[in-house]
Structures are given as C-alpha cells and as structure tokens.
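> With this note's numbering, you'll find the sequence shown wraps up at 182, consecutive numbering, no jumps.
A few of these clues could be false.
[Stated by the list, open to error] Each computed BS3-like pair below joins lysine-lysine, with the alpha-carbon atoms no more than 27 Å apart: (1) 152 x 88; (2) 174 x 152; (3) 51 x 152; (4) 146 x 51; (5) 88 x 51.
Please keep in mind that the hints were generated in silico from the structure rather than gathered at the bench.
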Amino acid sequence: MDKTPRVGIGCWIFNPAGQVLLGRRLSPHGFGTWAAPGGKLELNEDPPCCAARELREETDIQIPPENFQFVCFTNDIYPDAHYITLHYRVDGVTAVPKPMEPTKCAAWKWFSLDNLPSPLLLSAQKFLKTHPRI
C-alpha cells in the first residue's frame, strides 16, 4: 500500500428526475462496485477543474468547473490505498453518459436514491451514509 494519502474527487451528477449517475467499476481498485464518476486530483489542479475533467473523460458529459458545488469530504481507507475524497454535486444534467473508458467502467446508469445498486464503493457508501438525501 502506498503510504501517502491521495486526493480523490467524486462527482455526484443528478438528472432532472433526481436520479444519480453511477458506474460499475472494472478497474482493480473497487472492481465490481458502483461509484460516482471521479478520479485523482493531479498536481497543481483545482478540485472543481478535476471534477469537470474526470466527468468528461469518463462519461463525455461536459460541465463547467464553476457548476460543481462542494458537498463534503470523506476519509477513505482501502486495503490498497488511502484517499481523502472531495465530493461535488451538479443538478439537472440532461446529457446522456457514454462509457468512455470501457476497461475501467462497464456502464453508466441513473438510479433513484431509494433504489441504489450494490455493492457501492467505500467512498460512495460513506458519502451516502452522511448525506442520504443529498
């Protein structure tokens, strides 16, 4: 395990019906779990810019960084990594997500908060536990 915590970004994207966008992970970190789009903050990168970049790279949805609203952070300790995850939210998204990284994410789907898939990635579990009605 890397001994240095990393900064992760979670993008909580909601459509007009209030459904959240989640993808089923295929990458080794969190394989088989469902998670919001996101990734790692790069050196000298502004967190909202990272959120916009990661969302675009993973789903082809383009949202300006200034539209991302910070919600909270979670302290996520995995067997193979330690992340401080910054969670951002965007509402009213009508764009259709595309799986732009098919080796990392099997599919993007919209879910009601009352009917979320399982299992969720640890950072998503912690976020939803503290913000069940985001």
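> Take the hints in turn and mark each one as holding or not.
Going down the list of hints, with the structure as the test:
For the proposed pair residue 152 and residue 88, the alpha carbon gap of about 14 Å is at most 27 Å, so the pair holds. With a C-alpha separation of about 22 Å, the suggested pair residue 174 and residue 152 falls inside the 27 Å cut-off, and the hint holds. Distance restraint check for residue 51 and residue 152: the Cα-Cα separation of roughly 24 Å lies within the 27 Å cut-off, and the hinted pair is therefore satisfied. For the hint pairing residue 146 with residue 51, the CA-to-CA distance comes to about 34 Å; that exceeds 27 Å, so the pair is violated.
Taking the CA atoms of residue 88 and residue 51, the gap is about 16 Å. The hint holds against a cut of 27 Å.
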